[in-house]
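**Q** Spelled out from the first residue to the last, the chains are:
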Amino acid sequence: MVAEKLFISGNDAVAMGARLARPQVISAYPITPQTIVVERLSEMVEDGSLKAEFMHVESEHSAISAAMGASAIGARAFTATSSQGLLYMAEGLYYAAGGRFPIVMMNANRSLALPWSIYGDQSDSLSQLNSGWIQVYVEDAQEVLDMVIQAYRIAENPAVLTPFMVNLDGFILTHTYEPVSIPDQAKVDEFLPPFSTPNKMSFEKPMSMGMVTTPMDNLEYKFQQNKAILDSVPVIEEVDAEYAKMFGRKYGGLVEQYRCDEAEVLLVTLGSVTGTARVVVDQMRNEGKPVGLLKVRYMRPFPTELVATVCSKARRVGIVDKDISFGYEGTLFTNVNSALTTLENPPRTFNFICGMGGRDVSKENIREMFSRILEDSSSKLPDRVQFVGMKVSTDERK
Amino acid sequence: MTKRPGISDWNRPKHIDDYFVGPRFSAGHLAAGNAGWRTFRPLVDLEKCRGCYRCYLVCPDGVISKKDGKIEIDLDFCKGCGLCAYECSFEAIEMIKEAEA
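Chains as they are written, first to last, in my numbering: chain A, 713 to 1110; chain B, 6 to 106.
These are calculated hints, taken from the structure and not from any lab test. Some hints could be false.
Straight line, CA to CA, 30 Å or less: simulated DSBU-like cross-link-like pairs of lysine-lysine [said to hold, decoys possible]:
| id | chain 1 | residue 1 | chain 2 | residue 2 |
| --- | --- | --- | --- | --- |
| 1 | A | 1025 | A | 1001 |
| 2 | B | 71 | A | 917 |
| 3 | A | 763 | A | 1001 |
| 4 | B | 71 | A | 934 |
Far from chain B, by Cβ distances over 10 Å, these chain A residues were calculated [what the hints assert, rightly or not]:
| id | residue |
| --- | --- |
| 5 | 736 |
| 6 | 761 |
| 7 | 767 |
| 8 | 771 |
| 9 | 900 |
| 10 | 910 |
| 11 | 929 |
| 12 | 933 |
| 13 | 964 |
| 14 | 988 |
Please read all numbers here as calculations on a predicted model, not as lab measurements. All C-beta atoms, glycine included, are put in the ideal place defined by N, C-alpha and C.
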């Protein structure tokens, strides 16, 4: 059977992916640029094509809290947010992870105030890397639909039992229309069996949940939580392979390498900017420049070994960040650098801060990043952390 | 008699897999008494107690139970707040210092 192909937005793809995963409870609060997801899901519940309880919560803090309650009684729960909403539910993010509730959440990557902005960058989810959620970043609408389905398989695995955040760039992906293959419901059902958890709250087997610990046990629970995310690595790879077998699309697990063979200079990207970078890599390869691209898909668990192995063959590596930890550097940069300390002779790394608050990252910008670090090694080293795409001079005024 | 479950045996985990997944446990399990830090404790004069159960209703910890038409206080879990003594209309409950109990 030929899969149905529709021309839809990234937000539509999220909602359709969620419907295919058959969540029993959806608790979400609308926020730009995620709103359409909430609208579509409520319409699907209304028209009966999605048999779920739709909870009209009054805030993101409540959205995640309600999702936890649903998950605790053994229901598959879905929520979605963005930016300020993600920060507003930050307390609950840690609860969901520590409580080991395998909720799946879509996050539309959007800038954080101030200055107020509804446009995209990745400051929001990258600020929550320590919350204990698995985090994946997608490149297009097809990938987001596929990842919402895969997310439940990974999150609900008994060795993992960890909530899962599917991140897609606000507007660039949420509002762009693309042709998307919609998998067959029967095949998705086969791929994703109904949720069952050993930790179900029920009248037959009452439980205390979300308990306090003394210093006697707390560190062990944190160890357990960390181990669960590390143990998700083989699960992510298995699920990617099985998905490819059933639906014909393979994403490569934790990372994707694009023309990394014999590349002396690599760019490391996260999210939709990868698509632009692919085009530039192709162009520059045609010009005989030894460039390549490493797409990081998962920020947690972080692909430490893969990043180190791929980067070990390069002379210089540029890391593209659509966020910044003020007073230091971009978050992807920090994470990549840490992975590279496992190498005897790590390549030199440079950080490009760009695309914040919705500023476009153009092919020219990507080309500029490559050329800034392609310079001959005898010339003066570029700055370690550089902003790309500034519209004004930042040189000292004479 | 109090309906709370008794203090159960608790074998400390020896391996990380001995823990539940996440901070949770089967309900109705009490690993230890929890009143060691109490400063005052209620002392009941059963002669004065009329069995009105006002104290039973107001006790925030639910440690007062009915016994033989009067009351019994579970001192393993009483936090010594003194609400029972304050509310008693018959001066049947007195708060006394732990050190003098």
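**Q** Any hints this thing doesn't respect? Which numbers, in order?
**A** 3, 4, 10, 11, 12
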